[in-house]
Every structure is written in C-alpha cells, then in structure tokens.
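Q: Numbering follows the working numbering, in which position 109 of the sequence shown is assigned residue number 353; successive positions increment by one, without gaps.
If you are wondering where the hints come from, they were derived from the structure by calculation, not from laboratory data. Even glycine gets a Cβ: it sits at the ideal position worked out from N, Cα and C. Treat the hints with care, since some could be wrong.
Stated by the list, open to error - Label-pair restraints from in silico Cβ distances: (1) A305 x R263: 29 to 35 Å; (2) R337 x G287: 31 to 37 Å; (3) P275 x P303: 29 to 35 Å; (4) A272 x F340: 19 to 25 Å; (5) R337 x L288: 25 to 31 Å; (6) H273 x G338: 18 to 24 Å; (7) R301 x D356: 18 to 24 Å; (8) I253 x E347: 29 to 35 Å; (9) P325 x P275: 30 to 36 Å; (10) G349 x E260: 26 to 32 Å; (11) L300 x E260: 17 to 23 Å; (12) P303 x E274: 31 to 37 Å.
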Amino acid sequence: MTRGRQPLIALREAGEIARKRGEVRHFAHEPGMICNFVIYCTGLTAHVRIKRVSRLRCPVAVIEREAADALTTLRAIAPGPGISRELWVYLPRGSFRFFRVEETGLVALDRDGSVIHQQPKPVAGAGLPAPARPATMDGRPPAPATPAGQVSPPPDQASPTGVSVGEDLPEKGRGA
245 MTRGRQPLIA LREAGEIARK RGEVRHFAHE PGMICNFVIY CTGLTAHVRI KRVSRLRCPV
305 AVIEREAADA LTTLRAIAPG PGISRELWVY LPRGSFRFFR VEETGLVALD RDGSVIHQQP
365 KPVAGAGLPA PARPATMDGR PPAPATPAGQ VSPPPDQASP TGVSVGEDLP EKGRGA
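Sequences and hints are given; from them, build the entire structure.
A: Pasting the structure below:
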C-alpha cells in the first residue's frame with residue numbers, strides 16, 4: 245500500500261521522459277494501483293511504476309530489496325511479447341534509473357527503453373599490457389627478469405657456456 249503524498253514532481257518528470265517514447269496514459273493515484281502510467285509505443289506497451297529510493301548508484305540487488313513491493317505488483321502483470329513491465333526509481337533531486345522487470349530480476353534500461361549492455365568490470369592486471377621496461381644507462385635492453393631471490397649476471401659477464409661451477413677451466417681459458 246502506498247503511504248504518504250503523491251510524488252508530483254517525480255510524476256511530472258517521469259511523464260516528460262515517457263512522452264518521448266510514445267503515447268502516455270496516466271492512472272489515478274490510489275491504494276493498490278499496479279502502475280503509474282502506460283506508454284504505448286510501436287510494437288510495445290510499457291507498464292511503468294515509479295518508486296523513490298534512498299540511492300541510485302548501488303547494486304541492482306539493493307534496489308530490488310528497496311522496491312520489493314513495487315516489483316511484486318508489477319510481476320502481477322502477465323508477461324508476453326510486446327509487454328514491458330518497467331520500474332523507474334528516482335531520487336528526490338530528480339535523478340532516475342530505469343529497469344525492465346523480468347521474472348528472474350531487473351534489466352537496466354536507457355531513457356528511451358533500450359537495454360543497457362553492462363560492460364564487465366576489468367580485473368586488476370587482466371588484459372592490460374605489461375609495463376614497458378626502461379633500457380639501461382648505456383642503452384642496452386635490461387636483463388630478463390629472474391625469479392625472486394636469484395641474481396642474474398650482466399650479459400657480458402656471464403660464465404662461458406658448457407662450464408659449471410666447480411669445474412676446472414681448460415688451459416686456454418685460464419689466461420695464464
């Protein structure tokens with residue numbers, strides 16, 4: 245049941261948004277009403293209920309909790325092709341968010357009724373290019389990275405290939 249006075253300013257602003265989408269028919273504000281107005285568009289009838297919420301920039305689950313009563317009444321309208329059950333939530337300062345009410349949840353809409361495709365949030369470090377490694381002071385590229393705790397010698401001071409630690413060098417390599 246609706247309590248308090250009718251949100252006249254929000255209804256007027258919502259009506260202006262709705263008129264841009266099509267022909268609008270308002271319903272009388274009374275207890276037990278299902279929707280505030282209906283928008284008749286080409287190939288679509290949108291049943292719209294507006295609801296005041298405490299904040300808009302929050303997860304959809306929070307809005308679903310705050311507007312549970314409005315969602316229950318909108319879901320009483322039979323779904324079908326050409327029928328859109330919409331919840332428009334607003335703040336008293338005049339900001340709106342628009343949702344299509346599905347049986348399984350809410351789908352975000354734009355002001356014109358088109359579905360907003362949510363971009364997945366990027367995972368830290370995923371898909372980002374590796375940072376460029378600066379060259380050394382003499383212009384050579386830096387030595388390749390090594391696992392933690394290991395030290396790699398500079399390329400010009402590396403031990404000769406084929407010799408391991410603890411082996412004697414051949415006579416030629418001793419320099420004596």
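Q: Decide, hint by hint, whether the structure agrees.
A: Structure-based check of each hint:
{"no.": "1", "hint": "A305 x R263: 29 to 35 Å", "verdict": "31 Å, holds"}
{"no.": "2", "hint": "R337 x G287: 31 to 37 Å", "verdict": "34 Å, holds"}
{"no.": "3", "hint": "P275 x P303: 29 to 35 Å", "verdict": "30 Å, holds"}
{"no.": "4", "hint": "A272 x F340: 19 to 25 Å", "verdict": "22 Å, holds"}
{"no.": "5", "hint": "R337 x L288: 25 to 31 Å", "verdict": "29 Å, holds"}
{"no.": "6", "hint": "H273 x G338: 18 to 24 Å", "verdict": "19 Å, holds"}
{"no.": "7", "hint": "R301 x D356: 18 to 24 Å", "verdict": "21 Å, holds"}
{"no.": "8", "hint": "I253 x E347: 29 to 35 Å", "verdict": "32 Å, holds"}
{"no.": "9", "hint": "P325 x P275: 30 to 36 Å", "verdict": "31 Å, holds"}
{"no.": "10", "hint": "G349 x E260: 26 to 32 Å", "verdict": "28 Å, holds"}
{"no.": "11", "hint": "L300 x E260: 17 to 23 Å", "verdict": "18 Å, holds"}
{"no.": "12", "hint": "P303 x E274: 31 to 37 Å", "verdict": "32 Å, holds"}
Of the numbered hints listed earlier, not one is contradicted by the structure.
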